[in-house]
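Visitor: Reconstruct the complex from the two isolated chains, following the hints.
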Amino acid sequence: MLPLADTQFVEATWIMVVKSIVIFAVIFGIVPVMTVVERKLIGRFQHRYGPNRVGPFGLLQPLADLFKLISKEGFRPAGAIPLLYVLGPLLPVLSGVMALAIIPWGDVQGGVGLYGIDVPIGILYFFAVGSIAFYGLLLGGWSSGSKYSLLGAMRGAAQLISYEVSMGLALLGAIIMGGSLSLVDVVHAQGAIWFVVPQIVGFVVFMLAGFAETNRTPFDMPEADAELVQGFMTEYGGMRFGSFLMVEYLEIIVVCGVAAAMFLGGWMGPGPGFLDPIWMLLKMFALVFVFIWVRATLPRLRYDQLMTLGWKVLLPLATLNVLVTAVLVVVT
Amino acid sequence: MPDFPYLDDQDVVEVQRGPEPGGVGGAYRAFGETLRGLKTTMARLIEGPMTIQYPEEKTPVYPRFRGRHKLHKFEDSGLEKCVGCSLCAAACPADCIRVVAAENIPGERVSAGERYAAVYEINLSRCIFCGYCEIACPFDAITMGHDYEMADYGREDLIFTKEMLLAESLERTPLKAEGE
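Quick note, the sequences are listed as chains E and Z, same order.
For the first sequence, numbering that gives the first Met the number 0 gives the first residue as 0, with consecutive numbering after it.
For the second sequence, numbering that gives the first Met the number 0 gives the first residue as 0, with consecutive numbering after it.
Isolated chain Z (complex conformation) (with noise of 0.2 angstroms):
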């Protein structure tokens, strides 16, 4: 590097350059890539379509998917595992958790603790689906459950209330295999 005395040699990078466009060559060039690029899409139209035909197919979704919430019951004495401490309304970042908690009258208990949630309603068309609701619940009670069809005519319908939030999900959302 006789011009540029101050470049060290591993400075010096080799340009890499196509070859010039046009003349016999660049024919040859041009219809060798053409055919290589119908092979190309010939491979994917034997391929196959990858697309999933949505309404009847689902994405899979990974097991800590963050859908539509859940309320959760106790499986062996029915009671619900919400007490109404109203947590997860604070640690909702959205504002759309609404928690009006009530007293367990003994002989006609609610819930497992002091107090149960008389009124518990998720504004879905404001939830974020951040899941700070699951984190703060200190007795699990709420769980971001896998459904993510919630499309809904009005705004009103997108309240979710305590019976609705405690109710198996109608349809279940398919989870993705190991691995997959």
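Next comes chain E alone, as it looks inside the complex (with noise of 0.2 angstroms):
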């Protein structure tokens, strides 16, 4: 019988929400920082400067462009369906700050524990948290009442079915090596040897299915701007498109911190308990590092190659590392 996460440890009603506060007010800090740093990295990785006349550096970039989504009309297409139109933007901003509470941002400190909550089921509430964005995705491109936002919606579907079932057996191995579902402990498990090295496989594979889960290039699917226009945005403008845009980026850091939690150690470094959450942070951004290299890189799959990667090379990939890694610790 496998230990559950600690479920005796409580904290007052105030520190939670305080700690909900924090960590919310530091994402959404982050993710304006980031559009603007992956737009100057990728233009270094084009040979040019990005954005760089707003502002010093032109890190006042992205508030221009949200003062710009905000003052814009919030209009809605003709055969669009009301309700669900301004459902779609809304449900993935939602799932994404739900999946946010579960990062371990650093262990219990003088009584707090540096993260949202740590619950029994940890990383399965990321799962199931995770897939309500795809709602939000459905509902939007296909209430839009245009063809390309429903095909950007359909392929989003098929898209999330094949990489979810990759996505999740690359973390089983992690998880029987940590011996628990909760990410605090899978963290603590990792005090000798950061899972990457022995779980290389279900690391690679969880980044893959990463990109897919984000909908990044090379999977940017459902979005195409080339081809679909955005897929399942076409429709939308102003803040409300904004906010599918942001949550691209939340999604990424949620993604960024469950493999650096799973994989890299989490909190794990060098110096002081304080700068545990830096490490962290640390971590985070050399994997977001890795979305901006590969998005700089990698043209778009073709649809069908898309579908043979995710069933054909990643699922039997997971599967056989989680057979082997449960065989092994069995063994051993």
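Hint data in this document are derived by calculation from the structure and do not stem from the laboratory.
You may find that some hints are simply not true.
[Claimed, not checked] Covered stretches of chain E, as calculated for chain Z (at least 3 residues, CB under 8 angstroms):
1. 288–295
2. 313–323
[Unchecked claim] Pairs of lysine-lysine, DSS-like flavour, derived with a Cα cap of 30 angstroms:
3. Z/Lys80 with Z/Lys69
4. Z/Lys161 with Z/Lys72
5. E/Lys18 with E/Lys71
6. Z/Lys161 with Z/Lys57
7. Z/Lys69 with Z/Lys161
8. E/Lys71 with E/Lys146
9. E/Lys39 with Z/Lys57
10. E/Lys39 with Z/Lys38
11. Z/Lys38 with E/Lys311
As the structure is a computational prediction, the values presented were derived from the model and not from experiment.
Glycine is no exception: its CB is placed at the ideal position from the N, C-alpha and C atoms.
Guide: Now the structure itself:
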């Protein structure tokens, strides 16, 4: 019987409230910075500077973008279904923010756990909540009343079922080695060696599935700006469109956070305890850099190639990885 | 080549084909090529940007670059080189030069010759920067300069008068260095 997460640890309600506000504020401060960092990095990857006109080094660019998006008219196409059309961009934001709760920024320090919440089902919560984002995508695409949006939404749904399984199986290896579903316990189990070494296959599969999960190149099929004119986002404008974009970055942060916690030793690092969240952030941003690097490099896959990779390569690899890990853990 | 007796050996071209896609080898090659692509983009990142930040930095031009025209004076006497012969206007394929000549009065000479250009206008909104005026001029009075920033808000502002063409340009356009 595997031990579940420590459910005896209780915090005062006001601490929970403060924690959630802090996490929310910090992450929503990071998201706009990420957009400008991504644009600048992609520029560097292509021998150019990227945005550098607004503010020092172009750092105020996201503010200008935000102001532009907010000041736009919130229109709705005539063929759209009003309620679902509005709900479309809201659900992914909700799911992204909820998934943030389980990312561990540090251990329990001074009676306060440096994480949103340490739920006993841990990583299952991440999958359960993370998948809600695709409801928003599907609803938004379907209710827009446009064939491009519908195509993008259908692609997104198909992509979700082909990659969610591999993603879960890829994490299962680390969960078996950590002996717990809780992210905090998995990080604790990585004191001797980061799981990226024994679970390298799981890590690679998780990252590949993560590209698909966050609709990033080379798996940005639901958006596919060249063929589907942004897919499910086609009919959206203003801040509704902006929140779809924001969710993309939020999901990247969540996926990178989970990957850093499960495979890269989470908050583990030299230095005193208060540096733990910094280490976690550094590891996350290293992974975010990989996301941007891959976006700057790879073209979009053809749809059947995407499906082939998901079902014929990643799924068997992840399954094999889990089987071997399980046997090895039992034997040793 | 028994099947094609009419073909010489040198006519037969070897067709190079890539390896069949799929399988373990295909997956290995795809992975390897992906890593090679990642290496390539990372090398670009390390090399740094190559773009020129235009309004602050300017592209250097070659010495023979044909930019905005200039009219010249003799350096010693300060007299205008242009004698108002209108050969430039005759050579101009875009018909954008207007010259009205006048007689030089002794005592207040304007040019070195008998006559001078009382009016010398170039309509830069029509000019095609072919440089024929420069070639046609017998006294090297008009040459093509290096300025290329001539955008303006009104069409009438693009008609350059003699005074504007004689004046030194406000900002120097950088020239390409030797071998650049």
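Visitor: Taking the hints in turn, state whether each one holds.
Guide: A quick look at each hint next to the structure:
1. 288–295: holds (count 3)
2. 313–323: With 0 residues close enough to chain Z, the hint is violated.
3. Z/Lys80 with Z/Lys69: Holds - the C-alpha atoms of Z/Lys69 and Z/Lys80 are around 11 angstroms apart, at most 30 angstroms.
4. Z/Lys161 with Z/Lys72: holds (12 angstroms)
5. E/Lys18 with E/Lys71: Given that 30 angstroms is the threshold and the Cα spacing comes to 33 angstroms, the pair is violated.
6. Z/Lys161 with Z/Lys57: Holds: Z/Lys161 and Z/Lys57 sit about 27 angstroms apart, inside 30 angstroms.
7. Z/Lys69 with Z/Lys161: Answer holds: Z/Lys69 to Z/Lys161 is near 9 angstroms, not above 30 angstroms.
8. E/Lys71 with E/Lys146: holds (24 angstroms)
9. E/Lys39 with Z/Lys57: holds (22 angstroms)
10. E/Lys39 with Z/Lys38: holds (19 angstroms)
11. Z/Lys38 with E/Lys311: holds (27 angstroms)
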